[in-house]
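Asks: Residues per chain, in single letters:
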Amino acid sequence: MATTPDVTAPGGSPGEGADGVRRRDFIYVATGAFAGVGAAAVAWPLINQMNPSADVRALATVEVDLSAIQPGQAIKTIWQSKPVFVRNLTPAEQDAANKVPVSELRDPQTLNDRTKDGNRNWLITLGVCTHLGCVPLGASEGENKGDYGGYFCPCHGSHYDTAGRIRRGPAPLNLLVPDYAFKSPTLIEIG
Amino acid sequence: MSFPWANHYEPKHPVMQWLDSRLPLPRLVYNSVGAGYPVPRNINYMYNFGVLAGVALVIQIITGVVLAMHFSAHVSTAFNSVEHIMRNVNSGWLIRYVHMNGASFFFIVVYFHIFRGLYYGSYKAPREIVWMLGVVIFLLMMATAFMGYVLPWGQMSFWGAQVITSLFSAIPLVGEAIRTWLVGGFAPDNATLTRFFSLHYLLPFVILGVVILKIWALHIPGSTNPTGVEVQGPQDTLPFHPYFTAKDFVGICVYLMLFSAFVFFMPNALGHPDNYIPANPLSTPAHIVPEWYFWPFYAILRAFTIDFLWIPAKLWGVIAMFASILLLFFLPWLDTSRVKSTAYRPMYRIWFWVLIVNLIVLSICGGAPAEEPYVRLSQIASAYYFAHFLIILPLLSFIEKPLPLPNSIAESVLGKKADHTGSATGLPGGAAAAPAE
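These protein sequence lines are chains A and B, in that order. Each residue of the first sequence is one higher than the last, beginning at 1 in the numbering used here. Each residue of the second sequence is one higher than the last, beginning at 1 in the numbering used here.
Please note: incorrect hints may appear among the correct ones.
Selected chain A positions facing chain B (in silico; Cβ < 8 Å) [said to hold, decoys possible]:
1. N48
2. D55
3. G118
When the alpha-carbon atoms are kept at most 20 Å apart in a straight line, the in silico SDA-like pairs for lysine to any residue are as follows [stated by the list, open to error]:
4. K76(A) <-> G36(A)
5. K116(A) <-> R24(A)
6. K247(B) <-> R24(A)
7. K247(B) <-> N121(A)
8. K99(A) <-> R168(A)
9. K401(B) <-> W353(B)
10. K247(B) <-> D25(A)
11. K214(B) <-> L390(B)
12. K116(A) <-> A33(A)
13. K314(B) <-> Q162(B)
14. K247(B) <-> R106(A)
15. K82(A) <-> I27(A)
16. K116(A) <-> R168(A)
17. K183(A) <-> R120(A)
18. K247(B) <-> I27(A)
19. K82(A) <-> R168(A)
20. K247(B) <-> A30(A)
21. K76(A) <-> I27(A)
22. K183(A) <-> G118(A)
23. K183(A) <-> W122(A)
24. K247(B) <-> G36(A)
25. K99(A) <-> T130(A)
26. K247(B) <-> S53(A)
27. K247(B) <-> K183(A)
28. K183(A) <-> N121(A)
29. K247(B) <-> Y45(B)
30. K401(B) <-> K314(B)
31. K247(B) <-> Y180(A)
32. K247(B) <-> M257(B)
33. K76(A) <-> T130(A)
These are computed hints drawn from the structure, not numbers from a lab. For glycine and all other residues, C-beta sits at the position ideal for the given N, C-alpha and C.
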């Protein structure tokens, strides 16, 4: 109402100010704005309920005990509903990975890029092929490790080397290294 | 459909013209809930409850679809999944409380809507089918609400399912077989829960379909009005939009304020704490009651305590309870008075309020433990309920002398000077009436 003090301006409908704005226009806009804010406030919980719930978010990090994994062995664990490979590389496997010229790689990364200082033998990657999301073989005893001694995805034939890097096949990227940290020499927290 | 003087849909924008000649959906909206639907100009705030019931139904469907994303229909996980919704799902507590209290508020609104119909004779010719479709919706609502209450699989869920499905075992000869078929076992168990979940999801959409039929049937004669005098000409009506959309919006605001007060400040006030105890088939809660909106009918069910004639008390109770609702289908032919509005029926007006008080008494009895004085009270109140519809209403139609009716809606609103001058002296806001000219 304060915006249209001149309610008796000639030539207009009742309540029309000199600028042609009627009092009713203000009411329309105010009502519409109020209803719009209300609708948005109602819509947000209905949308946000589909985001990860508190119990899912509580499992956003996971701790893995490394003490039982011998050199040359790997385990599969689960982090955020996805498989994770934790692999204790032998010195020979580390050498094999370090000898590959980085320029020949499809996704150029060194083993040092993919492991942590002082713990170069621990290769922690997602067990999700970067092609179309299958779980590669090679983490369990007796599985096909592919032509490069790392992992092999049976779905479409992607070969990964001992650093988990893509060497042959359709996958575009190396196996993803998740965020993780050593909480002690034998305990990591992923996520 | 509608009156000949209704506004005509004339799309101005080329895109709307293009659309109108191919899919005239905007035209349908315009003619059914827009400026193309003329409404008696004198309808009061009691006429908001139809739209409010629609709002309540939509709130239930939206929140229900969301809850079904997180609910797990299995006896071993149902209770925990509801707690998961309350504790883990983002805003899950809000969505569930809206759905829980939304059911209660849906019934509150529908009861007001029914009382409005009873008071203003909305069930009388030519609106019998509108009324009967309303009774169908009411029955579907009761079934939906009951099955929804079973889903959390708490103590009240389980024992509610046990008691209500046992009603069917009162049917002679085949009752026990029907009951076993309904619950898919010899007592409520997983089969009961999963089928109730399926039907609880289905029935609201059936309700929505019947609502569309009901609006279709309503829009042929149009709404009743507080005088009960039918619309005679353009001076008696105003377009639904903007006049009654604005009025309904006021009602919706008040409704949402009251609803929010419950959802945010007393979300469990209308529920029962026993339903936060997981279902235990070996222990019945000491005081088992249905949700409040079933109390009047629960009182009628329990009013029969002795066998009468060759029919056992259990069957009498079940017959009476179902009859109390099915009776409403025959209301248009039980009340033969030609006068619609109770405002012009001096005798019926008294009995109407007696019926309301009687229903409140029945509700109190239905929510109370099965002991004196509630048993005797519910017997008297049940007897009155049936007497009201089967004896009093038909008799009143003969002996009552109605008050003189106004000649028209316009006359009742604007006084004797009602004509086409548009002076509208009887209205506080003269400008509001002017655009009708």
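Asks: All hints, please: hold or fail.
Replies: Do the hints match the structure? See the list:
At about 5 Å, the closest approach between the beta carbon of N48(A) and any beta carbon in chain B falls short of 8 Å, and the interface hint on this residue holds. Taking 8 Å as the C-beta contact cut-off toward chain B, the hint placing D55(A) at the interface holds, the least distance being around 4 Å. A cut of 8 Å between beta carbons decides the hint on G118(A): the least distance to chain B is about 38 Å, and the hint is violated. Only pairs whose Cα atoms come within 20 Å are accepted, and K76(A) paired with G36(A) is rejected, the gap being roughly 50 Å.
Annotation: proposed proximity of K116(A) to R24(A) is violated, straight-line Cα distance about 68 Å (limit 20 Å). The hinted pair formed by K247(B) and R24(A) meets the criterion: a straight-line CA distance of about 16 Å does not exceed 20 Å. Note on K247(B) and N121(A): the hinted pairing is violated, with a Cα-Cα distance of about 74 Å set against a maximum of 20 Å. Simply put, K99(A) and R168(A) have alpha-carbon atoms about 17 Å apart, close enough for the 20 Å limit, and the pair holds.
For a cut-off of 20 Å, the pair hint linking K401(B) to W353(B) stands: about 18 Å separates their Cα positions. For the hint pairing K247(B) with D25(A), the CA-to-CA distance comes to about 18 Å; that is within 20 Å, so the pair holds. For the hint linking K214(B) to L390(B), the alpha-carbon distance of about 26 Å lies beyond 20 Å, and the restraint is violated. Between K116(A) and A33(A) the CA atoms are separated by roughly 54 Å; this puts the pair beyond 20 Å, and the hint is violated.
This hinted pair checks out: K314(B) and Q162(B) have alpha carbons roughly 15 Å apart, not beyond 20 Å. Taking the CA atoms of K247(B) and R106(A), the gap is near 68 Å; set against the 20 Å cutoff, the hint is violated. A hinted pair counts as satisfied when its Cα atoms are at most 20 Å apart, and K82(A) with I27(A) does not qualify at roughly 54 Å. Using a Cα cut-off of 20 Å, the hinted pair K116(A) and R168(A) is violated, with the two alpha carbons roughly 25 Å apart.
With a CA separation close to 16 Å, the supplied pair K183(A) and R120(A) stays within the 20 Å bound. Between K247(B) and I27(A), the direct Cα distance comes to roughly 15 Å. Compliance with the 20 Å bound is thereby established for this hinted pair. A hinted pair counts as satisfied when its Cα atoms are at most 20 Å apart, and K82(A) with R168(A) does not qualify at roughly 23 Å. A distance of roughly 17 Å separates the Cα atoms of K247(B) and A30(A); the hinted pair therefore holds under the 20 Å criterion.
Proposed proximity of K76(A) and I27(A) is contradicted: the alpha carbons are some 63 Å apart, above 20 Å. This hinted pair checks out: K183(A) and G118(A) have alpha carbons roughly 13 Å apart, not beyond 20 Å. Only pairs whose Cα atoms come within 20 Å are accepted, and K183(A) paired with W122(A) is accepted, the gap being roughly 14 Å. For the hint linking K247(B) to G36(A), the alpha-carbon distance of about 19 Å falls within 20 Å, and the restraint holds.
Taken as a hint, the K99(A) and T130(A) pair is broken in the structure, with Cα atoms around 23 Å apart against an allowance of 20 Å. For the proposed pair K247(B) and S53(A), the alpha carbon gap of about 40 Å is over 20 Å, so the pair is violated. Restraint check for K247(B) and K183(A): not satisfied, since their Cα atoms lie roughly 65 Å apart, outside the 20 Å limit. Annotation: proposed proximity of K183(A) to N121(A) holds, straight-line Cα distance about 16 Å (limit 20 Å).
The suggested pairing of K247(B) with Y45(B) holds, with an alpha-carbon distance near 8 Å, which does not exceed 20 Å. Note on K401(B) and K314(B): the hinted pairing is violated, with a Cα-Cα distance of about 42 Å set against a maximum of 20 Å. Between K247(B) and Y180(A) the CA atoms are separated by roughly 60 Å; this puts the pair beyond 20 Å, and the hint is violated. For the given pair, K247(B) sits about 16 Å from M257(B) by alpha-carbon distance, which is consistent with the 20 Å threshold.
In summary, the hint linking K76(A) to T130(A) is supported, as the alpha carbons are separated by about 17 Å, within the 20 Å threshold.
Against the hints set out earlier in the document, violations occur for numbers 3, 4, 5, 7, 11, 12, 14, 15, 16, 19, 21, 25, 26, 27, 30 and 31.
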